[in-house]
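S.K.: As you go down the protein sequences, you meet chains W and G in turn.
For the first sequence, position 408 matches number 407 in numbering that gives the first Met the number 0, and the numbering has no gaps at all.
For the second sequence, position 83 matches number 82 in numbering that gives the first Met the number 0, and the numbering has no gaps at all.
Since the hints were derived computationally from the structure, they do not count as laboratory data.
We put the CB at the ideal spot given by N, CA and C, even for glycine.
One should not assume that every hint holds.
If you only want the chain G side, here are some residues facing chain W, beta carbon under 8 Å, derived [unchecked claim]: (1) Val66; (2) Thr69; (3) Asp73; (4) Gly78; (5) Asp96; (6) Ala192; (7) Lys196; (8) Thr321; (9) Gly346; (10) Glu412; (11) Arg454.
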Amino acid sequence: MTSRYQAPFALGGESPIDAQLASRLLTRALEKGGDYADLFFEYGASASYAYDEGILKSAGRGVAMGLGVRVMKGDATGYAYVEDFTPEAMDRAARMAAGIASGAGTKDPIGLDTPDLPSRYDVARLSLDIPGADKRSLLERADRAARAADVRVVRVDASISEELREILIATSTGRFVRDRQPLLRFGIRVIVEENGKRQSGSSGGGGRLGLEYFDGHSPEEHAEEAVRQALVMLDAREAPAGEMEVVLAPGDSGILLHEAVGHGLEADFNRKGTSNYTGRIGEQVASPLCTVVDDATLENGRGSLNVDDEGFEPSSTTLIEEGILRGYMQDRHSAEFFGLGPSGNGRRESFRSHPMPRMTNTLLLGGESDPEEILRSVKCGVYARKFGGGQVDITNGDFVFSLTEGYLIEDGKLTAPLKGVNLIGNGPDVMREVVMLGNDMAISDGIWTCGKDGQSVPVGVGCPTVKIAKVTVGGTQIGSAS
Amino acid sequence: MSAPEDELLDRATRVVERARQMGADVAEATARQGSHLSAKVRMRKPELVEEAGSRSVGLRVMIDQQVAVTYTSDLSRRGLDRLVEDALELARLSEADSFAGPPDPSLLSDEREHAELKLYDSGMSDVDSGAALARATAGEAAALDASPRITNSDGATFTRAAGSSVLVTSGGFSGTSRGTYASLVVRPVAEDADGKKRAGSYWAARRHLDALEGAAAVGEEAARRTLRKLGATKLQSCDLPVVFDPDAGRAILGLVASCVGGGAIWRKSSYLAGRLDTRVASDLVTIVDDPLILRAPGSRAFDGEGLLSRKNVVIQGGMLETYLLDSYSARKLEMKSTASASRGASGGVGASTSNFILQRGDSSVDDLLGSTRRGLYVTEMMGFGFNAVTGDFSRGAAGFLIEDGELTRPINEVTISLPLDDLLQRIDAVADDLDQRTAIATPTFRVSSMTIAGR
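If we strip away everything but chain W, and leave its shape as in the complex, we get (with noise of 0.2 Å):
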């Protein structure tokens, strides 16, 4: 991967580093004694391009750089971050950083190697370094494709947003590590209105690819989908409220599985016993039907990596199988604790914040089920087929997820589609709940971006058509579900 896009730090750059820079200083961070002490470079160029209107109104580009540098003594960290990269600065940040502890270092120089990383995220097309008339070109056709589908489409936005993150990782365990991690993310959002009445709807996808994406998803496709969300949506009635059965569409729901289940499972939670999961390895915690899986490897996936933001490779790591606990999502530093290896968790959103375990792209595998028997066995119950979006109470799995698309099931088949539908549970309870698995396991397309603690990252969902026998529906026909 070549781009006119080039960090100062890479080799070849303004202001190159290598080992011995590095070396240098990592040793200036351990002066006053830490255990251990990281450098994280990172350059990240990013553009984005508006299409409103029927014109493109407006494009944008950024580049945002600089050297976080971390130093850790007993469980404290030290953390500091300067946004060039002069030797007095990163010195400073060094320097800053070493604060942590109060001793004596060690003046003995730190080796550093390369390992081999995979190649999880090759790009044919990188979208950075295409003529910005091309996507122009492409989101034109996405709102074309809009109008054209439905003469109650009233509004088309369309967008693309495109990043070229570039990094390098050196750690006093020795490790020297670069990485380039492309993300390209497309998105369309219609307004339809009829009567009076307006809905909207929503369409995107993406990946650590380039604008080689579209050979597989054309804008219009998307535009379709926006619209025909949409205009379902106008027929939608009121949601019941209660405890009922609940299907979730594969592929999107992850994102369900993601907070329900996922963040309870990044160690940091587990090793300061926050988390409703701690201690519980080798126990029951989910349905014999689940396994889960955290799998940096997808190839373009818009969760996966090469190396994580401590310089592991991050690879498939099973956090729940047959419903048994088997491991925690590790940062190096809970790895430590917990007397294990890393899982290459370790993920952080840019070099102004540290690292903590993360999800990469977390999924719940298939089961055995036809999708189509799943909905024939529910009475009455509630299809969840796309999410706005999530949250939970790590403490306790308390989460609640909000529906763009949800249609009522009767008698085993869709009926009204839904508005304003909540899913309110406990994510394990829920797992628990899981009754029957499809054997269609689908991974979304790449639109999810994860945040905690104020930090957001990519990430990548799936699952395959779950049914889960009791979930609480926030709607608001009291009396209607029973």
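The hints should help you fit chain G onto chain W, whose structure is shown.
M.R.: Okay, now just chain G, sitting in the frame of chain W:
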């Protein structure tokens, strides 16, 4: 002005001049710099000390009403050259938008008119990492010591931050602003009878350190808020009056804010589009957007386009009086800017709120609760169940059952639903406990009836 702001002014001025030389009709640059120190303790031990400085330049240019925005944190000569070159290249790629343009020059404010809003505490930088850790430690200790049922902690964090920014435009505007902010948050964890963990939190935040609530008081309040959640259960699905405390109420008011911004109105992505001069809330509801409150978190002397800030009464006694507009949305709607433009660090401009406040009523919280025979007192909400286009609202909620005017038992895992339009019209009591911790703020208020989904 002091030296740091002079340097920012100089940088922004050079960027504007360069963009003009290269062919931009309009160029507007914002230059910023900031620093912060954050200290976190957990279970009485230091967990994180973070110190950093940041700086950036954002640029918006127009050529024949074609618009582009760029930003960079690379302030090298090459970095700033690229900032300008990229902006012009992208502007030529954009298509002419007949509503694009700078604000009417006659509306631009002069630096001498800018109010001194007392947003900067020069003593704040004296708090070093040791002092910051001490404040966090005292806050957490007060929570841990409050009760043996507080068995764990997500920690306590003290943060201080300072920032300066300038805006320079080719229309002749130049303005500087600076501010500080200090906060302390404490997050205890308690264990319930069935072993279920309950996390709670409380926080204080102010522009000036001497106005920040004491660490022990913050910790004690955090403990109280965590302990009172123990034993929470669901509720049967029903319709009940709902009382929102200031934290939950702020989330509701945030939704109103998102629906009165000019961008949402001309896009028709707000249920309030077309509702000007009509009743949108009960007559107890008056909401103002006031950027000129001294020492307040959302205050600003001038808006993101250089217009002089002014107080806007958005909803007066339930009637929608105005939207909040920048000059673009004002042109789209054939109205006048309300000086509500805000400019992000990345250069983009849009209408936004400043201090957006539901005005206090005259009853105390006790009287408000006392006059509620049976209802739900909501202290926390979860999830994102709001559709701005239709106003449909449904979110997860936790709080307490009100019986005969008293808070009786804790409730969780329920959802509350009602379109926002109806919610505002059904506000039948507003209390007097307004606190200025946040830019969007409400006192406690009551909605006469909402649908609650539980068991």
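S.K.: A separate judgement is required for each hint: does it hold in the structure or not?
M.R.: Okay, the hints, checked on the actual structure:
no.	hint	in the structure
1	Val66	holds, 5 Å
2	Thr69	holds, 5 Å
3	Asp73	holds, 5 Å
4	Gly78	holds, 7 Å
5	Asp96	holds, 5 Å
6	Ala192	violated, 13 Å
7	Lys196	holds, 4 Å
8	Thr321	violated, 22 Å
9	Gly346	holds, 7 Å
10	Glu412	holds, 6 Å
11	Arg454	holds, 6 Å
This entry does not satisfy hints 6 and 8, going by the numbered hints stated previously.
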